[in-house]
Amino acid sequence: MAAPRKAAVILKAVKKISVQFCPFESNVRSTREFLAMVGSEKVRATNMNCEVTSIVTHDKSEPVVDITYVDGERLLMKGAKLTSAEMLSAFQSRCTAKDTQTIGGGKK
Amino acid sequence: MAATLCAKLLPKQGWLPLSVSVRHGSKAVTRHRRPQHILKKKLLAVTEYIPPTRDAPPGAYPHQIKRGQEECTGLMLLIKEDLKKVFQDYKMIAVVQNNNSNTDDMLTLRHRLHKHGISVKFFPNQVMHLFLGDSIYGSMAPLFIGPTVLFVSKTPKLREMLSTLRVSPQMTLLGACIDNTLLSVQGVLHYSKLPSMTVVQGELVSGLTMLTSHTVSVLQRHPGQLSALLQQYIKQQSSETTSEAKTESAT
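If you're matching them up, the sequences are chains B and X in order.
Just so we're aligned: 36 in UniProt numbering is position 36 of the first sequence, and the numbers increase by one with no gaps anywhere.
Just so we're aligned: 248 in UniProt numbering is position 248 of the second sequence, and the numbers increase by one with no gaps anywhere.
Derived from the structure by calculation, the hints contain no laboratory data.
Fair warning: there could be bad hints in the mix.
[Stated by the list, open to error] DSBU-like mimics (lysine-lysine), calculated; alpha carbons at most 30 Å apart, straight line: (1) 15/B - 78/B; (2) 27/X - 84/X; (3) 60/B - 91/X; (4) 81/B - 98/B; (5) 42/B - 121/X; (6) 80/X - 121/X; (7) 98/B - 60/B; (8) 60/B - 193/X; (9) 27/X - 60/B; (10) 98/B - 42/B; (11) 157/X - 60/B; (12) 98/B - 15/B; (13) 235/X - 246/X; (14) 154/X - 121/X; (15) 85/X - 40/X.
Just need the whole structure built from these sequences, with the hints factored in.
What follows is the structure, given as structure tokens:
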């Protein structure tokens with residue numbers, strides 16, 4: 001599977017994660033795996049204020065992951081043609097970048 | 001190598017010295033591996049020839065058997081039988097994805113659902129796909145990806161199930177199969193909002209008998225009132241026909 005070997009995703013800079021998909025479509029696998037990985041206990045324990053919501057629809061829409069950060073930035077990932085590993089790595093890199101920014105800003 | 005002889009020891013011809021010092025050099029071709037200088041060894045290792053891998057000619061090997069068909073273990077067949085029974089016995093089967101549940105959460109969920117007669121079942125996805133491929137429920141196959149749980153019950157108690165799921169944040173309802181009909185999440189919500197069978201039957205019967213009961217009530221009134229009503233009705237009818245005729249002649 002695509003479980004990250006290093007430390008799990010740090011959600012400190014994340015306000016809300018919303019995952020929307022239609023389970024009867026065939027391109028939903030990566031989004032569901034992403035949801036499973038992001039919603040796991042370890043990852044949620046890094047930030048208890050972060051909400052992870054999943055919306056299940058039946059309108060043949062594309063699977064979409066909408067992440068809202070604490071500073072108002074939004075990351076939109078369309079999971080139809082992405083693998084869960086790609087989505088996770090992109091998300092992780094953004095999170096760590098935000099985290100280091102906030103740490104650097106705090107220290108200054 | 002050349003055998004060197006001390007020139008001083010051979011003053012006269014034909015006189016061999018007592019000891020002859022001969023230097024033998026090493027040979028190039030030996031029966032054992034000659035020790036090589038480490039640099040030469042490294043160079044040879046780096047510049048080794050690696051031949052390109054060519055595929056086997058097209059007709060050399062028979063086609064690989066498709067995976068999944070040949071890997072049926074006995075345990076999987078047993079679980080498949082179990083699944084068949086579940087689908088036969090239970091009328092309502094809901095598929096839920098749980099991203100992360102502690103044992104505590106699972107216990108509380110199971111307890112709440114058990115009160116309403118809903119049981120929680122786990123089956124491996126592989127076996128599920130095997131079973132669904134053979135049975136009539138093939139369209140449920142795309143639901144079973146990732147960590148899934150089955151909520152099964154003999155009576156479709158949807159409202160309680162939905163309320164319990166709303167409380168637990170990590171469970172996501174994906175779909176349900178109620179009375180051999182596949183329903184999506186919206187379908188499940190609509191189904192839960194439907195009134196019960198008796199209520200629906202009552203409504204239908206009342207709607208059908210409304211007209212007849214109305215005529216019965218009219219007929220049961222005082223005959224004077226009834227005759228007045230009928231006369232009024234005839235007047236209305238005649239006025240309608242005259243107005244229709246007028247409009248026809250106008251057009």
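Is it true that the CA of residue 27/X sits at most 30 Å from the CA of residue 60/B?
-> violated, 79 Å
Sort out whether residue 15/B lies within 30 Å of residue 98/B, counting only the CA atoms.
-> With a Cα-Cα distance of about 12 Å, the restraint between residue 98/B and residue 15/B holds, given a limit of 30 Å.
Given the hint that residue 42/B pairs with residue 121/X, test it: the Cα-Cα distance must not exceed 30 Å.
-> Judged against 30 Å, a Cα distance of about 25 Å means the pair holds.
Assess, step by step, whether the Cα of residue 85/X is no farther than 30 Å from the Cα of residue 40/X, and give holds or violated.
-> This hinted pair is violated, its Cα atoms lying about 72 Å apart.
Is the straight-line distance between the alpha-carbon of residue 80/X and that of residue 121/X 30 Å or less?
-> OK: residue 80/X and residue 121/X at ~13 Å, within 30 Å.
Regarding the pair residue 157/X and residue 60/B, is the alpha-carbon distance no greater than 30 Å?
-> holds, 28 Å
30 Å limit on alpha-carbon distance, applied to hinted pair residue 98/B and residue 42/B | Since the Cα atoms of residue 98/B and residue 42/B sit roughly 20 Å apart, the hinted pair holds (cutoff 30 Å).
Are residue 60/B and residue 91/X close enough, with their CA atoms no more than 30 Å apart?
-> Holds. Residue 60/B to residue 91/X sits at ~27 Å (cutoff 30 Å).
Holds or violated: residue 60/B with residue 193/X, Cα cutoff 30 Å?
-> holds, 24 Å
30 Å Cα cutoff - pair residue 98/B, residue 60/B | violated, 34 Å
Verify the proposed pairing of residue 81/B with residue 98/B, using a straight-line Cα cut of 30 Å.
-> holds, 26 Å
Taking only the CA atoms, is the gap from residue 235/X to residue 246/X under or equal to 30 Å?
-> holds, 16 Å
Violated hints for the displayed structure, listed by number in ascending order: 2, 7, 9 and 15.
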